[in-house]
Each structure stands twice: as C-alpha cells, then as structure tokens.
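J.: Okay, here's what each chain looks like letter by letter:
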Amino acid sequence: MTEALTAQTIRITGFGGDEIEAYLAIPDDGAAARGSVVVIHHMPGYDWPSKEIVRRFAANGYAALMPNLYFREAPGASPDDAAATARANGGVPDGRLVGDVGGAADYLRALQNSNGKVGVIGYCSGGRQSFLAACSLPLDAAVDCYGACIVYPPPEGMPLKVSPIVDLATDLSCPLLGLFGEDDKYPSPAETAELSKALDEYGKPHEFHTYADAGHAFFSVNRPAYRPEAANDGWQKIWDFYGRYLAS
Amino acid sequence: MCTYNTEMIEINGSGKGASGWFSLTDATVYFDHPVHAMAEHTLNIDFRNPGQGPSARVAVELTAESARALAAAIEAALASVPAALVS
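Going down the list, the protein sequences come from chains A and B. Each residue of the first sequence is one higher than the one before, starting from -15 at the first, in the numbering used here. Each residue of the second sequence is one higher than the one before, starting from 7 at the first, in the numbering used here.
Certain hints may be false.
Straight-line C-alpha distance at most 16 Å; calculated EDC-like pairs for lysine to aspartate or glutamate [to be verified]:
#1 A:Lys169 / B:Glu13
#2 A:Lys169 / B:Glu71
#3 A:Lys145 / B:Glu46
#4 A:Lys181 / A:Glu213
#5 A:Lys169 / A:Asp151
#6 B:Lys22 / B:Asp32
#7 A:Lys188 / A:Glu178
#8 A:Lys145 / A:Asp78
#9 A:Lys35 / A:Asp78
Bear in mind the hints are in silico, worked out from the structure with no lab data behind them.
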C-alpha cells in the first residue's frame, strides 16, 4: 500500500468517439508495471464517495479510472443533479456503457507502467454494468457489487431501460467476483444464485459471496446501509481477487 | 435495495433552486435511496425544468411518514379554499 498518489479529472474518449470526463488515480510508488481497474459508479452518480473508491484502488497499487457515465446528459452539473437527469431519461444505454468502459480500459492499457491487465468493478447499477462490460470487452477480472437486473427484468413501472443480460454470460471474458447482501431484493439471493448457476453451465470461473445482515449498498460508508463487517471482508476479497488476476 | 420505481408528471409552476427562481415543467417522484437524508429509502421528488439543464432542479427527500403527511397537507390546503380558486 502506498500513501502517495496522484488523482485528477481528465478527459477520455468514450462510446462513439465522444470526449467524456473521467476521474483518474495513479499510485506514486515507482512500480515498473502495474494492473489497472475501471471503476463504474453507482446509480447516484459520479460523486465524492465513488471518487474515494478510485483513490483507494490507487493507494493499493492499481491505476484506477472512473468514467462519468452521466457526462453527456449533464456536463458540469453536480453529481446529484446529473443522476436525477439520467434517471428521468431512463439510465445509461448498455451500448454506450460498453463503449465508455472500453475507452477507459484503452486509456489504462496505454499508461506507461501498465502491465496490460485491466479489471472492472461496479456498484449498484454499476454491478450489472461491470458484468455487461466483462461480457462485451476483453478484460482480466470483473467484480459485481450488488448489481440487479442481470437475470430478472426490472420491476414493473421502472423507467430504467435495461433488460436481463444473463445470456451474455457465455461471452464472459474473465473471472467474476460477486459481492452481495442477503437482505437485498435487487438483486435477491435467488437472482444471484441463478446467475451463479448459469455461469456454472457455461463453465465460467466465478466466486460469489452473500453477506448476512447486509443489504444493498453495504460498501457505502456515508449511508445507513453501510455494514462494516461485510464491507471490510468484501474489500479483502477484492484485493485477493485482483491480486490473482491483475498482478504483473 | 434500489427500487427504481418512478412516477413522472408534467407540472406548471415555479421553484427556487441554487441559482434562484425558475419555471417548473416536470416532477419525478420515486421511493429509493436518498443522496442526503439519513435513511435507507426516502420518497424523493425532483421538481425540474429539463429545458434549462440538469441544475434546474429542486430536490426533496422525505421519510415515507413525512411524504404522506405532506400529501395530506396539500390535499387539505386545496380543499380549504373556494373551489373556484383551484379549478
């Protein structure tokens, strides 16, 4: 772990060649080669807790980059206003998400000290998007933190324009770590069990952990949903997993 | 959990946001995670004018109990005035 890191807002090329905002953090540890992580923010947006997560990856030796998925709808707006606009518009189209994560992965691979390995992690809606990206792009490790609507369709009446994508599992390009809460309803333990079963059928390596006394968003340190026991163990699982698949 | 459920309506009025007063055209109502309120879920209302950009928004996050009390208070206030004024 390093205490020295550089973090800043940059512009990257995303879906369709669009220039979008992204938050980059790089450890100042002098490593000759290192792995990288694309961080996909939760539905509440490109906010300061998500930026803290990006810096946390850098502090643990990874170059980390988080594209602002709502930049097109709300350039320069505060994260909560941007999230409200994206919500009203039905969320982020799947194709655009894949293009933006792909652009972020390309940026990370081109860094001078990249070892060429890129992982992805996403929280909440970003959990589903992490799985989607890993099924659509050549990546080295993926983490899904309580992503819903992978197996089951969204609840009736919800404006989010997403559909189940479990059938994409056959194209999963890398091992998948899933971190879920037993009390969560989206995704429910039944949904994540079905996803695990589908991955077994396709012969895709994965490990899922479902924490007792935890619900949705248990990693969110600034919310009542925070469950330190689950979050601490979850972070350890992430370091172990990325250590296996993203290390030089 | 994220409930995602959202009600969207067109409205006509004004709201006061970070940059002052502006016309309101839309309201989004949903029960989901709040940004600021210290509750796992709240009834959230975004009073918006998308034509003026994402920042043209007045947001409230209310506990379910508060939201119901507000809805009842709105109905009571409207019912207490002559019908001709609110038709």
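J.: For each hint, tell me whether it holds in the structure or not.
T.: Now the hints, each set against the structure:
no.: 1; hint: A:Lys169 / B:Glu13; verdict: violated (20 Å)
no.: 2; hint: A:Lys169 / B:Glu71; verdict: violated (22 Å)
no.: 3; hint: A:Lys145 / B:Glu46; verdict: violated (24 Å)
no.: 4; hint: A:Lys181 / A:Glu213; verdict: violated (27 Å)
no.: 5; hint: A:Lys169 / A:Asp151; verdict: violated (21 Å)
no.: 6; hint: B:Lys22 / B:Asp32; verdict: holds (14 Å)
no.: 7; hint: A:Lys188 / A:Glu178; verdict: holds (14 Å)
no.: 8; hint: A:Lys145 / A:Asp78; verdict: holds (9 Å)
no.: 9; hint: A:Lys35 / A:Asp78; verdict: violated (22 Å)
The structure shown violates the earlier hints numbered 1, 2, 3, 4, 5, 9.
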